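Chemist: Here my numbering is used: the first residue of the sequence shown is 1093, the next is one more, and so on.
The hints are simulated quantities; they were obtained by calculation from the structure and are not laboratory data. Any given hint could turn out to be false.
Within a straight-line C-alpha distance of at most 27 Å, the following computed DSS-like cross-link-like pairs (lysine-lysine) qualify [what the hints assert, rightly or not]:
{"id": "1", "residue 1": "Lys1518", "residue 2": "Lys1459"}
{"id": "2", "residue 1": "Lys1419", "residue 2": "Lys1233"}
{"id": "3", "residue 1": "Lys1533", "residue 2": "Lys1183"}
{"id": "4", "residue 1": "Lys1183", "residue 2": "Lys1453"}
{"id": "5", "residue 1": "Lys1591", "residue 2": "Lys1459"}
{"id": "6", "residue 1": "Lys1151", "residue 2": "Lys1419"}
{"id": "7", "residue 1": "Lys1536", "residue 2": "Lys1454"}
{"id": "8", "residue 1": "Lys1253", "residue 2": "Lys1591"}
{"id": "9", "residue 1": "Lys1233", "residue 2": "Lys1454"}
{"id": "10", "residue 1": "Lys1183", "residue 2": "Lys1509"}
{"id": "11", "residue 1": "Lys1253", "residue 2": "Lys1482"}
{"id": "12", "residue 1": "Lys1533", "residue 2": "Lys1453"}
{"id": "13", "residue 1": "Lys1153", "residue 2": "Lys1536"}
{"id": "14", "residue 1": "Lys1274", "residue 2": "Lys1183"}
{"id": "15", "residue 1": "Lys1378", "residue 2": "Lys1336"}
{"id": "16", "residue 1": "Lys1183", "residue 2": "Lys1121"}
{"id": "17", "residue 1": "Lys1536", "residue 2": "Lys1509"}
{"id": "18", "residue 1": "Lys1518", "residue 2": "Lys1419"}
{"id": "19", "residue 1": "Lys1419", "residue 2": "Lys1253"}
{"id": "20", "residue 1": "Lys1336", "residue 2": "Lys1322"}
{"id": "21", "residue 1": "Lys1518", "residue 2": "Lys1454"}
{"id": "22", "residue 1": "Lys1412", "residue 2": "Lys1454"}
{"id": "23", "residue 1": "Lys1151", "residue 2": "Lys1121"}
{"id": "24", "residue 1": "Lys1518", "residue 2": "Lys1591"}
{"id": "25", "residue 1": "Lys1419", "residue 2": "Lys1453"}
{"id": "26", "residue 1": "Lys1233", "residue 2": "Lys1453"}
{"id": "27", "residue 1": "Lys1322", "residue 2": "Lys1382"}
{"id": "28", "residue 1": "Lys1536", "residue 2": "Lys1518"}
{"id": "29", "residue 1": "Lys1382", "residue 2": "Lys1412"}
{"id": "30", "residue 1": "Lys1121", "residue 2": "Lys1382"}
{"id": "31", "residue 1": "Lys1382", "residue 2": "Lys1336"}
As the structure is a prediction and not an experimental result, all values here were calculated from the model.
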Amino acid sequence: METWFVLIISLCVAALIRALLLYRKDGKKLPPGPSLLSSIFIILTTPLSELEPILRNLKSKHGPLITLFIGPPPSIIVSSHSVAHQILIQKGTIFSDRPSTIPVRNISSASYGPTWRVLRRNLVSEILHPSRVTSYSWSRKWVLHNLIGRLQDQNDAAGIKVVDHFLYAMFCLLVLMCFGEKLDEHQVNEIAGVQRRLLLLAGSGRLNVLSYYPKLGKILFRNRWKELWKLRNDQEQVLIPLIKSRIQAANSEPQSVGDEKVVAYVDTLMNLQLPEEEANKENGGKLTQKEMVSMCSEFLNAGTDTTATALQWIMANLVKYPEIQSKLYDEIISVAGPPPPPPPPGVEVEPESLISEEDLKKMPYLKAVVLEALRRHPPGHFVGAHRATKEVEVQGFMIPEGAHVNFMVAEMGLDPKVWEDPMEFKPERFINGDFDITGSKGIKMMPFGAGRRICPGFDLALLHLEYFVANLIWYFHWSPPDGYHVDLSERLEFTVVMKNPLRSHISSRAQK
1093 METWFVLIIS
1103 LCVAALIRAL
1113 LLYRKDGKKL
1123 PPGPSLLSSI
1133 FIILTTPLSE
1143 LEPILRNLKS
1153 KHGPLITLFI
1163 GPPPSIIVSS
1173 HSVAHQILIQ
1183 KGTIFSDRPS
1193 TIPVRNISSA
1203 SYGPTWRVLR
1213 RNLVSEILHP
1223 SRVTSYSWSR
1233 KWVLHNLIGR
1243 LQDQNDAAGI
1253 KVVDHFLYAM
1263 FCLLVLMCFG
1273 EKLDEHQVNE
1283 IAGVQRRLLL
1293 LAGSGRLNVL
1303 SYYPKLGKIL
1313 FRNRWKELWK
1323 LRNDQEQVLI
1333 PLIKSRIQAA
1343 NSEPQSVGDE
1353 KVVAYVDTLM
1363 NLQLPEEEAN
1373 KENGGKLTQK
1383 EMVSMCSEFL
1393 NAGTDTTATA
1403 LQWIMANLVK
1413 YPEIQSKLYD
1423 EIISVAGPPP
1433 PPPPPGVEVE
1443 PESLISEEDL
1453 KKMPYLKAVV
1463 LEALRRHPPG
1473 HFVGAHRATK
1483 EVEVQGFMIP
1493 EGAHVNFMVA
1503 EMGLDPKVWE
1513 DPMEFKPERF
1523 INGDFDITGS
1533 KGIKMMPFGA
1543 GRRICPGFDL
1553 ALLHLEYFVA
1563 NLIWYFHWSP
1573 PDGYHVDLSE
1583 RLEFTVVMKN
1593 PLRSHISSRA
1603 QK
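The task is simple: from the sequences and hints, build the whole structure.
Modeler: Below, the structure written as structure tokens:
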């Protein structure tokens, strides 16, 4: 065991020293940061969950641009709004690539090029287009109805642990959008289980060494590699039958769920033609079923864990600050009128018994509450790393070709130079309604990233958050159980979740 440990340390040190010499031999100045030995110490001793406080300390010492030698290419950490805008918007073409990772076909990790454009264009035009999003409105009503029923069933004096119900609801919705089927609870939980296990493994940081040192990592960390592929195999066993079922029905009329016609995400992947230079020749240039598993997995992850996490943070603040909840409720009833009794399980929901998506457009305070929660509690405190495709100067420092660049999203949302009383939950700061979440004119916060690699589904995510928050507040008064205090402490999983999950009591607002 000691021999292997010494070998690992020696190889890592040799690679880092080589990188240091390579990137400094021409005398150009990298952004400041800890010494090589300090970088090695950080890498070897710091769990991923404890990295952010160390980066905050480095920021206070070195400034908003920091260099860390985590792997052979240096890693540049950015915590400044203006520098983030310069990199992601003004110099976006240079920083739109991704570092090499474990080989998988999806949008988020694809290199910036023809394949990425084809995959992203398909998602945006086929699933995220406004007309398609509108066509899924019935599915949101169905999921909301089920969520309301589950919350009422679990309501007692001890309160409801809401995050489990939020996560199940988001999986029901995204599974339907992905595979075009209303699956039963066992099937949804089976999909959620394999997805969550992979996410938690990724969030633990245990796979990072396989990305930084892919060839070496497969040899020295075989157990981690086996664990990854065991989970991947479990995922394929669950998702491939759903993909096959959809393929077999593809030559028939458009699939329907009840009376509703459904175009599912997997439908759009079946005949998608990849660029010749990156296509699988044996499959006629189309995605294989295993590649479709990766694409569907990405689709599910993007809209479930992050949205459920954000929804819990929003509701936690509304329970903690009842005056904000009251102000939001007043706005909701000014648009939608007083609420009816919550619809009982098994009874078809009448359109007028839910807040419509058109009504959401008339609720500026609702939008402000959602944006304030994303500022104060972004589900991800970092975005996916970017890769510099050529050497470029930023703020007087040299960013070398191949460098990995990441952004401290949470720090930007808490910068007192930009946000007054940044630790306070104040939706009023967004009430003017002209905030640009994309950061194209200037970055103040970036919960969805920014630039060419911004999350393409940010509009859908905002719709889901506004829709569920509005209806949950319309139907129910949310309050802490006796003796319970809302704790806004954080814990890192795949997303940054509540260390102590929210528990709440709900009571119908309908007049007796």
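Chemist: Against each hint, give a clear statement of whether it holds in the structure.
Modeler: Results of checking the hints against the structure:
In summary, the hint linking Lys1518 to Lys1459 is supported, as the alpha carbons are separated by about 12 Å, within the 27 Å threshold. Straight-line distance between C-alpha atoms of Lys1419 and Lys1233 comes to about 24 Å, which keeps the hinted pair within the 27 Å bound. In summary, the hint linking Lys1533 to Lys1183 is supported, as the alpha carbons are separated by about 14 Å, within the 27 Å threshold. The straight-line distance between the Cα atoms of Lys1183 and Lys1453 is roughly 34 Å, outside the 27 Å bound, and the hint therefore fails.
Taking the CA atoms of Lys1591 and Lys1459, the gap is near 26 Å; set against the 27 Å cutoff, the hint holds. Annotation: proposed proximity of Lys1151 to Lys1419 is violated, straight-line Cα distance about 38 Å (limit 27 Å). For the suggested pair Lys1536 and Lys1454, the alpha carbons sit about 25 Å apart, so the restraint of at most 27 Å is met. For the proposed pair Lys1253 and Lys1591, the alpha carbon gap of about 13 Å is at most 27 Å, so the pair holds.
For a cut-off of 27 Å, the pair hint linking Lys1233 to Lys1454 stands: about 19 Å separates their Cα positions. Using a Cα cut-off of 27 Å, the hinted pair Lys1183 and Lys1509 holds, with the two alpha carbons roughly 24 Å apart. A distance of roughly 49 Å separates the Cα atoms of Lys1253 and Lys1482; the hinted pair therefore is violated under the 27 Å criterion. Taking the CA atoms of Lys1533 and Lys1453, the gap is about 23 Å. The hint holds against a cut of 27 Å.
With a C-alpha separation of about 22 Å, the suggested pairing of Lys1153 with Lys1536 holds against the 27 Å cut-off. Distance hint between Lys1274 and Lys1183 is unfulfilled; the C-alpha atoms sit about 44 Å from each other, more than 27 Å. Our distance criterion of 27 Å between C-alpha atoms is met by Lys1378 and Lys1336, whose separation comes to about 15 Å. Between the alpha carbons of Lys1183 and Lys1121 the distance comes to roughly 19 Å, so the proposed pair stays at or under 27 Å and holds.
The hinted pair formed by Lys1536 and Lys1509 meets the criterion: a straight-line CA distance of about 10 Å does not exceed 27 Å. Distance hint between Lys1518 and Lys1419 is fulfilled; the C-alpha atoms sit about 12 Å from each other, no more than 27 Å. Distance hint between Lys1419 and Lys1253 is fulfilled; the C-alpha atoms sit about 24 Å from each other, no more than 27 Å. The suggested pairing of Lys1336 with Lys1322 holds, with an alpha-carbon distance near 21 Å, which does not exceed 27 Å.
At roughly 20 Å between alpha-carbon atoms, Lys1518 and Lys1454 fall within 27 Å of each other, so this suggested pair holds. Annotation: proposed proximity of Lys1412 to Lys1454 holds, straight-line Cα distance about 25 Å (limit 27 Å). Annotation: proposed proximity of Lys1151 to Lys1121 holds, straight-line Cα distance about 18 Å (limit 27 Å). For the hint linking Lys1518 to Lys1591, the alpha-carbon distance of about 22 Å falls within 27 Å, and the restraint holds.
Only pairs whose Cα atoms come within 27 Å are accepted, and Lys1419 paired with Lys1453 is accepted, the gap being roughly 17 Å. Straight-line distance between C-alpha atoms of Lys1233 and Lys1453 comes to about 17 Å, which keeps the hinted pair within the 27 Å bound. Note on Lys1322 and Lys1382: the hinted pairing holds, with a Cα-Cα distance of about 14 Å set against a maximum of 27 Å. A hinted pair counts as satisfied when its Cα atoms are at most 27 Å apart, and Lys1536 with Lys1518 qualifies at roughly 15 Å.
The straight-line distance between the Cα atoms of Lys1382 and Lys1412 is roughly 45 Å, outside the 27 Å bound, and the hint therefore fails. Using a Cα cut-off of 27 Å, the hinted pair Lys1121 and Lys1382 is violated, with the two alpha carbons roughly 44 Å apart. At most 27 Å may separate the alpha-carbon atoms for a hinted pair to count; Lys1382 and Lys1336 meet this at roughly 11 Å.
Checked against the numbered hints given earlier, the structure breaks hints 4, 6, 11, 14, 29, 30 and satisfies all the rest.
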